[in-house]
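Participant: One-letter residues, chain by chain:
There are 2 protein chains.
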Amino acid sequence: MTVTEHGVRNGVDTAALFATVDAVKGDPDIAKFRFRATNTWVSGTHNRSTIHAFHGAKQEMTHREPFTFDADHPPVLVGKDNGPTPVEFVLHALAACLTAGIANIAAARGVNLTEVSSTVEGDIDLLAFLGLSDEVRNGYEQIRISFTLRGDDPDKLRKVVEQSRSRSAVFDIVTNGVPVSIDVDAG
Amino acid sequence: MTVTEHGVRNGVDTAALFATVDAVKGDPDIAKFRFRATNTWVSGTHNRSTIHAFHGAKQEMTHREPFTFDADHPPVLVGKDNGPTPVEFVLHALAACLTAGIANIAAARGVNLTEVSSTVEGDIDLLAFLGLSDEVRNGYEQIRISFTLRGDDPDKLRKVVEQSRSRSAVFDIVTNGVPVSIDVDAG
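Line order of the protein sequences matches chains D and X. Each number in this note's numbering corresponds to the 1-based position in the first sequence with 46 added. Each number in this note's numbering corresponds to the 1-based position in the second sequence with 46 added.
Think of the hints as simulated: they come from the structure by calculation, not from any bench. Check the hints yourself; a few may be wrong.
Which copy is meant is left open, so a pair is good if it fits within one copy or across any two.
Claimed, not checked - Mimicking DSS-like on lysine-lysine, the simulated pairs with C-alpha atoms at most 27 Å apart in a straight line are:
1) Lys-104 x Lys-202
2) Lys-205 x Lys-126
3) Lys-78 x Lys-126
4) Lys-104 x Lys-78
5) Lys-104 x Lys-205
6) Lys-71 x Lys-104
7) Lys-126 x Lys-104
8) Lys-71 x Lys-205
9) Lys-126 x Lys-71
10) Lys-78 x Lys-202
With these hints in hand, go ahead and build the complete structure from the sequences.
Facilitator: See below:
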């Protein structure tokens, strides 16, 4: 390997990346993570989440600061537009996960990137949300994401996107679904 | 109905909510929405999404301002912690969607809320993400959300949560999955 391959490429510290992979090979429990968000209702459809602590690498950790995010509905959906809708945050999560994977995988393969941009769109029929249909689903019917990549050989770039898709946590969640349990304290 | 039922309850303009439902009954195409996010890679696992324009109610619309969100990995996952991880945004979206639904449904039913808070957790094994296993899935194995509600009769509050779950867009997306297509311009 060249020095570059174990240095920083695409802003990815590949030496640290390979060291992390090696550490997990030695102790797979390091890879068990538990992420969290807390949410508080503000008023109407406006609510706010805080993302700070998580469990990973066999210990309780925190982000360097608590990150807070407002969600709301726009006026056309009877909200006050204090933030994006929850379904728009899903689109952000999907694009962000695939893009982070692209940067990591390209770096690990020695592929240079100069641009990664994407537009992600989701089609949703709100008839179900409004209680007017039991035939359309509540969520997106389909999601499309269009990537523009610039950097090394286009064929290598396309293979990097494909590998990111095959390893993306959010792509898996959004395409395959996850069991969700809900507990209610209505004291 | 009492004046209160057609006024504002829980910060929800129930008159506008019922008017919206009536409008959609008259023209179901109003309920077809298309949401969007654009994402730009910054460096390493750090990238940024902008959420602004969307299509709905048969017209192109925008939020009152462009909302931007950074995503990144924490140092333990070889990032610089410039924002939450993409998978944490999924937890925020889920809690936010269920909470907005709770406020709307409670208002429509004449149920008063004084508090809605929640904690949402997702368990994920990053062995697959690190390329070290084809047996564990890439995404969350399970998600748990715990709600605390205060307000009117606890039994009514529990039923409101159940109705919100049954109409939630993000709950449907996350539990049932959505087809996602990816297009790549690697020119």
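Participant: For the identical chains here, do Lys-104 and Lys-78 meet the 27 Å Cα criterion within one copy, between copies, both, or neither?
Facilitator: Answer is within; shortest intra-copy Cα gap is 8 Å, inter-copy 45 Å.
Participant: Is it within, between, both, or neither for Lys-205 and Lys-126, if the alpha carbons may be no more than 27 Å apart?
Facilitator: between (43 Å within a copy, 26 Å between copies)
Participant: Regarding Lys-126 and Lys-104, is the shortest C-alpha distance of 27 Å or less found within a copy, between copies, in both, or in neither?
Facilitator: Cα proximity of Lys-126 and Lys-104: across copies only (20 Å, versus 41 Å in one copy).
Participant: Treating 27 Å as the Cα threshold, decide for Lys-104 and Lys-205: within, between, both or neither.
Facilitator: Cα proximity of Lys-104 and Lys-205: none, with 33 Å in one copy and 38 Å across.
Participant: Which holds for Lys-78 with Lys-202 at a C-alpha limit of 27 Å: within a copy, between copies, both or neither?
Facilitator: Answer is neither: 31 Å inside a copy and 38 Å across each miss the 27 Å cutoff.
Participant: Please work out whether the CA atoms of Lys-71 and Lys-205 approach to 27 Å or closer within one copy, between two copies, in both situations, or in neither?
Facilitator: within (25 Å within a copy, 47 Å between copies)
Participant: Up to 27 Å between alpha-carbons, please classify Lys-71 paired with Lys-104: within, between, both or neither.
Facilitator: Cα proximity of Lys-71 and Lys-104: one copy only (14 Å, versus 53 Å across).
Participant: If the cutoff is 27 Å on CA atoms, where do Lys-104 and Lys-202 land: within, between, both or neither? Let me know, please.
Facilitator: neither (36 Å within a copy, 40 Å between copies)
Participant: Have a look at Lys-78 and Lys-126 and pick one of within, between, both or neither, based on CA distance no larger than 27 Å.
Facilitator: between (39 Å within a copy, 20 Å between copies)
Participant: From the Cα coordinates, with 27 Å as the cut-off, is the pair Lys-126 and Lys-71 best called within, between, both, or neither?
Facilitator: between (49 Å within a copy, 23 Å between copies)
In summary, the structure is inconsistent with hints 1, 5, 10 from the numbered list given earlier, while agreeing with the others.
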